[in-house]
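S.K.: Residue numbers (this note's numbering), protein chains in the order written: chain A, 8 to 338; chain B, 8 to 338.
Errors might be hidden in some of the hints.
Put simply, identical chains are the same to the list, so a pair is met inside one copy or across any two.
No more than 25 Å apart at the CA atoms, straight line, and that leaves these computed lysine to any residue pairs for SDA-like [said to hold, decoys possible]:
1) 238 to 261
2) 238 to 254
3) 238 to 220
4) 116 to 283
5) 121 to 306
6) 19 to 68
7) 337 to 69
8) 192 to 143
Since the hints were derived computationally from the structure, they do not count as laboratory data.
Take a look at the letters that make up each chain.
Number of protein chains: 2
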Amino acid sequence: MNKAILLKSRPKGTPTLDNFEFSEQEKPTPADGEVLLKTKYVSVDPYLRGRMRDEKSYIPPFQIDAPIESGIVAEVMESKHADFKKGDYVNGMLQWKQWQTHSGKGLQKVDETKAPLSAYLGILGLTGLTAYVGLLNIGEPKEGETVLVSGASGAVGSVVGQIGKIKGCRAVGIAGSDEKVRLLKEKFGFDAGINYKTTQNMKQAIEGACPDGVDVYFDNVGGDILDATLKNMNRYGRVVNCGAISLYNETEQPTGPRLEPTLVKKSLKMQGFIVRDYQEQFQEGTEQLATWLDKGKLTYEETIVEGFDEIPQAFIDLFDGKNKGKMVVKV
Amino acid sequence: MNKAILLKSRPKGTPTLDNFEFSEQEKPTPADGEVLLKTKYVSVDPYLRGRMRDEKSYIPPFQIDAPIESGIVAEVMESKHADFKKGDYVNGMLQWKQWQTHSGKGLQKVDETKAPLSAYLGILGLTGLTAYVGLLNIGEPKEGETVLVSGASGAVGSVVGQIGKIKGCRAVGIAGSDEKVRLLKEKFGFDAGINYKTTQNMKQAIEGACPDGVDVYFDNVGGDILDATLKNMNRYGRVVNCGAISLYNETEQPTGPRLEPTLVKKSLKMQGFIVRDYQEQFQEGTEQLATWLDKGKLTYEETIVEGFDEIPQAFIDLFDGKNKGKMVVKV
Chain A
8 MNKAILLKSR PKGTPTLDNF EFSEQEKPTP ADGEVLLKTK YVSVDPYLRG RMRDEKSYIP
68 PFQIDAPIES GIVAEVMESK HADFKKGDYV NGMLQWKQWQ THSGKGLQKV DETKAPLSAY
128 LGILGLTGLT AYVGLLNIGE PKEGETVLVS GASGAVGSVV GQIGKIKGCR AVGIAGSDEK
188 VRLLKEKFGF DAGINYKTTQ NMKQAIEGAC PDGVDVYFDN VGGDILDATL KNMNRYGRVV
248 NCGAISLYNE TEQPTGPRLE PTLVKKSLKM QGFIVRDYQE QFQEGTEQLA TWLDKGKLTY
308 EETIVEGFDE IPQAFIDLFD GKNKGKMVVK V
Chain B
8 MNKAILLKSR PKGTPTLDNF EFSEQEKPTP ADGEVLLKTK YVSVDPYLRG RMRDEKSYIP
68 PFQIDAPIES GIVAEVMESK HADFKKGDYV NGMLQWKQWQ THSGKGLQKV DETKAPLSAY
128 LGILGLTGLT AYVGLLNIGE PKEGETVLVS GASGAVGSVV GQIGKIKGCR AVGIAGSDEK
188 VRLLKEKFGF DAGINYKTTQ NMKQAIEGAC PDGVDVYFDN VGGDILDATL KNMNRYGRVV
248 NCGAISLYNE TEQPTGPRLE PTLVKKSLKM QGFIVRDYQE QFQEGTEQLA TWLDKGKLTY
308 EETIVEGFDE IPQAFIDLFD GKNKGKMVVK V
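Isolated chain A (complex conformation) (with noise of 0.2 Å):
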């Protein structure tokens, strides 16, 4: 049998087991000019919340009754296509099914002996490349500056802080726990890190870690954090608006302090992305992460939770903060 994961209904507030529906299906048989893909690994990702929601956006909203859809890699179990063969792995937008065929259009394969399959939801994959595209176009971190980051052991901030080291500037980062905050500094090598749940005033703690300012906000979460940190940005700063975590299960429209005459003052710029707005850099991005990962300049985190059937569970613990780095399910 098959098993798929379908969105049974739009969650209000933070998703929640209710919202997903197991449903059995056959297994599929791939038609000429096809394939026929085992799912190993699925990527759960904050941004999947955005398509729950039934409104126009930069893709389409998941409908009802219908598969959800992230990041998988898979193995060709059978191929009737001429670009892939028995025992490849692929790494594509693919449906949250144990078995699917495919046309083989925007898979791209992907080599188990260079990298864990893991890494290439992760760090080699679109979240590595999120960190890579928005920190170098948006952010221009220059050496010497301070680049902060929020959501900082996340799949994408984890990576963010590191690539400003390389670029010679000081990281800082802030989480959600004590652990979160010791793996940025022990692990990714950030100079300092924020604790915002044990914090009680973070415009004095931002002003603390970063006492030369911040040049740069890489920002995954919105919110009051943003606001804290506008107030410790130096001239001419740029903001990253990679992600909004802390508003997607808002109910009401979230309000908050007005920006623009902060912008004006201070000549801010803030630039929102998505990773696809800079699919011209992806094999620059994914070549260079490579090498800096294999000369060990960068490492990753993974959270990695084991069943199909966790797919759901995974995806809602995400914004519990329950990851440390990319969330991943292995199936």
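With chain A held as given, fit chain B onto it using these hints.
M.R.: Frame of chain A, contents of chain B only:
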């Protein structure tokens, strides 16, 4: 005698005449290396409101009981400086005084035969340059795109729309009266205009005036109009944060909907600036503006108030939108 206008107290909310004090001083005598200047035209600008607040910004706040300063065109009445002679006209950041001495540093000579003296405070001065450097560097308008401007009939906004047209864009302006909207279309060549004071639903009005969405928003006002515009921005749109006049007189921290999720979702850029950030483009910009003016591609409006004593009221009137185009006081 020599009248000066001092900041008597910091405004709470909208400035009032009580915040200003006239003082009678001696007419000064220039020392060696100095010039004696007689004020001819005084620029009053919304950004001066920011300097009346006692807070750190890109330029120090005005001090209580000290003269206010702004852009002024003055005549050299006596010169002990090699670079200036009696009868020269100069433009610079000068004090609100009828007479003052000056070291000459930062003063530019202006030519009355090329353009009226008041134009050097507007279209050929910092306001024209503000439109020029902000729109071109941050807005990056491309042929066929839509440029929306708030405060469109003002000194900066009217130039932004015209440069947008020169660059082959659709130019749409937001202003505060039907008469101003008529001016936008009839005098400045905007394609459409919106009177925000009589519009119930700004989001819909912008949608109607910008059928292909907004690619560049040059924002002079901030607040609700910014919010309504963001809903109409196209992917990869650019917001030029030039000012936030709708918020300058607020006494409480203004709040509004959080913008960061929209920035991420549409890959938008919002960037603040002040004209001095682009000082290296001033010469090129002034020459370009003068050329366009000369060729009839650019026109301007100014509101000239007469009399030194009227300077504070002219400044206050800016916040009621009593000016059309650049507000200047002729002394």
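S.K.: A separate judgement is required for each hint: does it hold in the structure or not?
M.R.: Each hint, compared with the structure:
no.: 1; hint: 238 to 261; verdict: both (20 Å within a copy, 15 Å between copies)
no.: 2; hint: 238 to 254; verdict: both (20 Å within a copy, 18 Å between copies)
no.: 3; hint: 238 to 220; verdict: within (9 Å within a copy, 32 Å between copies)
no.: 4; hint: 116 to 283; verdict: within (18 Å within a copy, 51 Å between copies)
no.: 5; hint: 121 to 306; verdict: within (15 Å within a copy, 64 Å between copies)
no.: 6; hint: 19 to 68; verdict: within (15 Å within a copy, 47 Å between copies)
no.: 7; hint: 337 to 69; verdict: within (23 Å within a copy, 63 Å between copies)
no.: 8; hint: 192 to 143; verdict: within (22 Å within a copy, 42 Å between copies)
Comparing the model with each earlier hint shows no violations; every hint is respected.
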